[in-house]
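Asker: Below are the chains, spelled out letter by letter.
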Amino acid sequence: MTLQLDSKIPSGPIQDKWESRKFDSKLVNPANKRKYKVLVVGSGLAGASAASSLAELGYQVECFCHNDSPRRAHSIAAQGGINAAKNYRNDGDSVWRLFYDTVKGGDFRAREANVYRLAQVSVDIIDQAVAQGVPFAREYGGLLDNRSFGGAQVSRTFYARGQTGQQLLLGAYSALSRQIGLGAVKMYSRTEMLDLVVVDGHAKGIIVRDLVTGELREYAGDAVVLATGGYGNVFYLSTNAMNCNVTAGWRVHKRGAGFANPCYTQIHPTCIPVSGDHQSKLTLMSESLRNDGRIWVPKQQGDKREPGQIPEDERDYYLERKYPSFGNLAPRDIASRAAKEACDSGRGVGETGLGVYLDFKDSINRLGKDAIAARYGNLFHMYSKITAEDPYSRPMRIYPAVHYTMGGVWVDYNLQSTIPGLFVLGEANFSDHGANRLGASALMQGLADGYFVIPNTIAGYLAEQKPGAVGADHPQFGKIRGEIDDLTKRLLSIQGKRTVDDFHRDLGKIMWDKCGMARNDAGLREALKEIPALREEFWKDVRVLGSADSLNQSLEKAGRVADFLEFGELMCRDALERRESCGGHFREEWQSDDGEAVRDDDDFCHAAVWEHKGPGEEPERNVEPLEFDNVKLAVRSYK
Amino acid sequence: MNWMLDYWRSSIGGKVTMAITGLLLFGFLVGHLAGNLLLLSGPEAMNEYAAFLKSKGALLWVVRCGLLAVFVLHVITGIRLARENRNARPIAYARPDTIQASLASRSMVFTGLSTLVFVVYHLLHFTVGVTNPEHFTMETSAGGHNVYGMVTASFSVVGIALAYVAFQVVLFFHLAHGVQSLAHTLGLHHERFTPMIKTASVGVAALITGGNIFLVLSVLLGIVEVQS
Amino acid sequence: MKVVLHIWRQSRPSTSQDFGQDGKMVRYELDDVSADMSFLEMLDILNERLTAKGEEPVAFDHDCREGICGTCSLMINGRPHGPERGTTACQLHMRSFQDGSEIWIEPWRAKSFPVLRDLVVDRGAFDRVVQAGAFISVNTGAAVDANAMPVPKADADKAFDAATCIGCGACVAACKNASAMLFAGAKVSHFLHLPQGQAERDRRVLNLVETMDKEGFGNCTNQYECEAACPKEIPVRVIADMNREYNRARIKS
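Chains as they are written, first to last, in the working numbering: chain Z, 1 to 639; chain E, 640 to 867; chain Y, 868 to 1120.
Next comes chain Z alone, as it looks inside the complex:
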């Protein structure tokens, strides 16, 4: 093991760890803060909240995003809600329960101390968002409303219709905009980070491409904060936005940052099924729908009758049957696998047979159509737009799809990666969700990291650095810029026959078939042969038109797919090496008689942290053991 994986968890009881970290961490005095420059890459929930909070503290902040505006980051698409242990409902919620639910939901593969901190600051996030003017749903008394999400038996999810992510992101964006207006943050939109500059072992800057002019530029800083989201698009089809990518995370990995648990991907159970080969993207139907919708398939195989004609006793409400205490609100990994199982047994619905029903009939009968419309109107609208079917009168058809990635750049308790000075936030880090994320927890984590964690922990690092020690004129910048320039030229010079999308689609198919909802040894070994072959073909036969000195979307995509082609291999390798089933990682060899995931706590109660060894070299697998002092390791049961 060559990576230094010091998790830097403070000692003491779990309730006091965060307080003691805040106290024992070094501080930068207010007058000195303005001497330090922090580069924030990404402007989603984590990036925007970090950039604005750091600027409020007085640091010089420069923020970069590849979208045309920071407001467009994909956090905006989160629908259902955000968890917080407010216990406004008097239903027995507490910080401890949110902590417990999250650790259990993650199938005991998360770091306890991080999760506890997340639960602690969750309450502050809601306060902060409300103060910013985020219009959460309210009751007639004027107080905040809540709903329930999967994996929890309390109502702790705050929401803003089906657009919670949008409203929270716009809140963070407004805070960021305020700092931009004040001149405290310099914002660079349509600017994509292409590499990290490491000087004497510390992250000291980034190389970016101006997506309008094509120009490569160097930016130096005293610390780099990465908040660049997840890598779900390695599957080609996912609920991620089209431009989401792994490039920033992958490039810092190649510069020395450990990458943890890449095989932990979340397959969301309720998405609109694929309708044809032309499909470019999958659309999520919020988990909140499972509050009022009942999931079922026909009991009989190949039953092609219209859903309305299938009588009650010939329907299998399989989640309610298998998990009576959580029912339709079973966690995502479990609900997804159950849907796959139903379809694999020939009981899937829709033309492709890859779908299950999500039925609102009972709720509409009980609450009335208007009440359902008020709760989910925009989701029903979205569904009918895409499918041309009316979900009020006919059950929705849904199927699992890639949605979120729990793996990511390894970080310690301070959110610092194995490269000093490089901090990683939000979905981009290997996160607090273990092997499976509970619904409404991604928004919570992104904002916790950005608003409350990084402003406190970054000072500990900066206090030990001389501000502005390395400028963009350092030779290392020019060297790396040259490497990027060569890579771009190479992509443009191949002039082969196949388009970038074509390769991406092929990669996606390999990943979905062999490293998707269920994985096995043989399939993963095949994938590990197919991916390098595809990559080789890519570098021989890809066709990227246009020039490097203009707005060139094919070139942008080509660079991202090139990274996915490397990253996909690491993902399969990680999946192969993790010889157990846990959360979103389901190895067919490790399942119980009734098809539940079987963990191997003796051998795999750890985070696998991969180390890049150079091109053509096998990466090295390091481990960070996970210790559970506060939650007892147990078989996860939702029955």
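Simulated from the structure, these hints should not be mistaken for lab results.
Among the hints, a few may not be true.
What the hints assert, rightly or not - Within a straight-line C-alpha distance of at most 27 Å, the following computed DSSO-like cross-link-like pairs (lysine-lysine) qualify:
hint, chain 1, residue 1, chain 2, residue 2
1, Y, Lys-920, Z, Lys-557
2, E, Lys-837, Y, Lys-1043
3, Y, Lys-920, Z, Lys-489
4, Z, Lys-509, Y, Lys-920
5, Z, Lys-466, Z, Lys-26
Remember, predicted model here, so these are calculated numbers, not experimental data.
Please build the complex by placing chains E and Y on the supplied structure of chain Z, with the hints as guidance.
Answerer: Chains E and Y in isolation, oriented as in the chain Z frame:
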């Protein structure tokens, strides 16, 4: 005064200027129509009313100047806003379309400028007496200005009458959008009342311009007695 | 199904002197489009074909493809986001078009939204309007408990209706005057109906309007094309709100 100019130069200040001057001009139109309706009561009533207005001397001039100022402000602000609007889109769409904007709302600049032309003509015609001096100089038996005679003599000329009717039709469109638009610009928006305002806007535009047209036609068709 | 496309192609970014006059509408034909495809997937196919032929693909902005990020910005047959109400271009499906349709696709047209390439425009002006005041000045950590300040549900709903704006620019594209008042009004209205927004009420509207004017947007003539084109169906009420707020703030200042 700087703050006023500053306000006027802002987009909303400009719009509000249009709304308030528009409202005043609309008020004038109501009064103007009310006075003109005396045409139906015969020559004495009409000419007495005209003489009454004339007798106010200085006050009349104050009102006239005020009205002119309002009118000029309305026109200048309108032209300024229209120019800004044109500049805001340097390249037009190759294939433009309209979703719901009414014809009236889309032709405000045209109907407005046409109305300006009409007003100038109208003043030259009846106030200054340049276009038809033979009508303008008509006298009552008492030797006063024979407004009744002037109006009826003019409107019995088919060309003049049709021009007035045409300009009133144009004015109808201007008012039909203008009245509801000014309400919105002044910040009036209400789920229940806004649809009523929209309907009322078209209604009052029709009443005013219809009333004017009715007067012209009643002369042309001989419903009121023509003096010549 | 078969479609004939007329698409604006422009290779260089527009500048304040040259608004892209070198660009032109170019005709393309596609004859194997499926009705279940989304409009953008149809463009993806066009781009694959163009690439195969060695022609540079059409640049267009898109990201989430589920109608929430506000990135897509296509004027389709003279209507922002195409013929369907309450829909973004990415949510539009080819079933909304007849077989054999001719479809004109243009970028948003406004001086404040210069074209960068083909169908891609720069909407930085919107960001600058927001930076001028569409926020509540509260630093992280300074918030009171979320339930300390009850907000009547009706007010929260009004604020929400305005806050659903996705900043796509369809309002400007649709407006005959390229006015941004629906956008700016939505920001004003969002904060106006919340108690948290009251402290900065006057400053906010004055700064927003000043910046909006400076950016070169046109003026509102109450035609309500913006409301009809808005994919989130934001009501023009927000413009009346802004007008009122602006006058109030002016009188007080």
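Asker: Work down the list of hints and note, for each, if the structure agrees.
Answerer: So, going through the hints one by one against the coordinates:
Proposed proximity of Y/Lys-920 and Z/Lys-557 is supported: the alpha carbons are some 19 Å apart, at most 27 Å. With a C-alpha separation of about 20 Å, the suggested pairing of E/Lys-837 with Y/Lys-1043 holds against the 27 Å cut-off. At roughly 21 Å between alpha-carbon atoms, Y/Lys-920 and Z/Lys-489 fall within 27 Å of each other, so this suggested pair holds. With a CA separation close to 26 Å, the supplied pair Z/Lys-509 and Y/Lys-920 stays within the 27 Å bound.
Of the pairs offered as hints, the one joining Z/Lys-466 and Z/Lys-26 holds, with about 14 Å between alpha carbons and a cut-off of 27 Å not exceeded.
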